[in-house]
Amino acid sequence: MQDLLDLLRACQQEQMQLSPALQQQIQQADLDFLRQDLPKLLSAMAAGSNRIRDIIVSLRNFSRLDESTRKSVDIHHGLESSLLLLEHQFLPTSGREAIRLMKQYGDCPEIVCYANQLNQVFFSILTNAITALADVPQPQITIRTGCLVPGELMIAISNNGPAIAPDVLPHIFDPFFTTRAIGEGTGMGLAVSYQIIVDQHGGRLECESSETETMFRITLPMDRW
Numbered sequence: 014m015q016d017l018l019d020l021l022r023a024c025q026q027e028q029m030q031l032s033p034a035l036q037q038q039i040q041q042a043d044l045d046f047l048r049q050d051l052p053k054l055l056s057a058m059a060a061g062s063n064r065i066r067d068i069i070v071s072l073r074n075f076s077r078l079d080e081s082t083r084k085s086v087d088i089h090h091g092l093e094s095s096l097l098l099l100e101h102q103f104l105p106t107s108g109r110e111a112i113r114l115m116k117q118y119g120d121c122p123e124i125v126c127y128a129n130q131l132n133q134v135f136f137s138i139l140t141n142a143i144t145a146l147a148d149v150p151q152p153q154i155t156i157r158t159g160c161l162v163p164g165e166l167m168i169a170i171s172n173n174g175p176a177i178a179p180d181v182l183p184h185i186f187d188p189f190f191t192t193r194a195i196g197e198g199t200g201m202g203l204a205v206s207y208q209i210i211v212d213q214h215g216g217r218l219e220c221e222s223s224e225t226e227t228m229f230r231i232t233l234p235m236d237r238w
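Note that the working numbering has the sequence shown beginning at 14, numbered continuously upward.
Bear in mind the hints are in silico, worked out from the structure with no lab data behind them.
Misleading hints may appear alongside valid ones.
Simulated restraints on C-beta separations [claimed, not checked]:
(1) D180 with T140: 52 to 58 angstroms
(2) I65 with S85: 27 to 33 angstroms
(3) D212 with L55: 50 to 56 angstroms
(4) P175 with M201: 21 to 27 angstroms
Note that beta-carbon positions come from the ideal geometry of N, C-alpha and C, so glycine has one too.
Full structure from sequences and hints, please.
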């Protein structure tokens with residue numbers, strides 16, 4: 014395509030004698046538009062194709078339908094896949110600014126785990142964080158990872174939404190417990206997440222909430238398997 018545009022441009026610059034029919038076709042083709050805007054359109058199409066490819070890869074990483082057994086993985090890949098699938102929910106809405114995302118990833122080794130289950134946990138906690146920020150000015154979600162204790166891998170997902178009430182906090186991992194309106198939540202997301210972390214991976218899932226921050230902290234043993 015670029016070679017054709019260069020040829021037509023050369024013809025115009027050299028003022029070659031073109032037949033009236035060819036001149037009419039060039040005018041109808043809007044050569045100036047093709048020369049100026051077509052490269053931009055092609056670039057946008059390429060970017061869109063790459064975006065679709067990234068989403069498909071993230072969907073596969075998130076679900077990992079081809080992996081029903083334990084496998085050594087980098088947990089950051091699962092976090093990034095969940096973030097990409099939820100990316101549109103970070104955009105501004107009519108009642109909320111765009112959510113600022115802060116990532117503080119540590120130098121974590123791979124861990125043997127059920128990757129699809131961990132991805133489900135990341136997705137659930139991030140979804141809850143986004144929901145909690147519905148009416149918060151300057152909303153922010155922060156993800157931290159690291160190995161603060163030898164033999165343990167830590168993932169902390171926090172948000173600056175309102176504090177969870179003290180009488181609610183002890184029940185957030187109970188099955189079917191929810192503070193949302195009827196039809197807006199099943200109350201199973203955090204309960205399933207707790208089961209995955211504690212029962213399936215021998216780890217810990219804890220929540221701390223204050224007036225300035227609510228944090229879900231996942232701790233996974235490095236030597237369970």
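Do the hints match the structure? See the list:
1. D180 with T140: 52 to 58 angstroms: 23 angstroms, violated
2. I65 with S85: 27 to 33 angstroms: 29 angstroms, holds
3. D212 with L55: 50 to 56 angstroms: About 51 angstroms separates the Cβ atoms of D212 and L55, which means 50 to 56 angstroms holds.
4. P175 with M201: 21 to 27 angstroms: 22 angstroms, holds
Consistency with the previously given hints fails for number 1 only.
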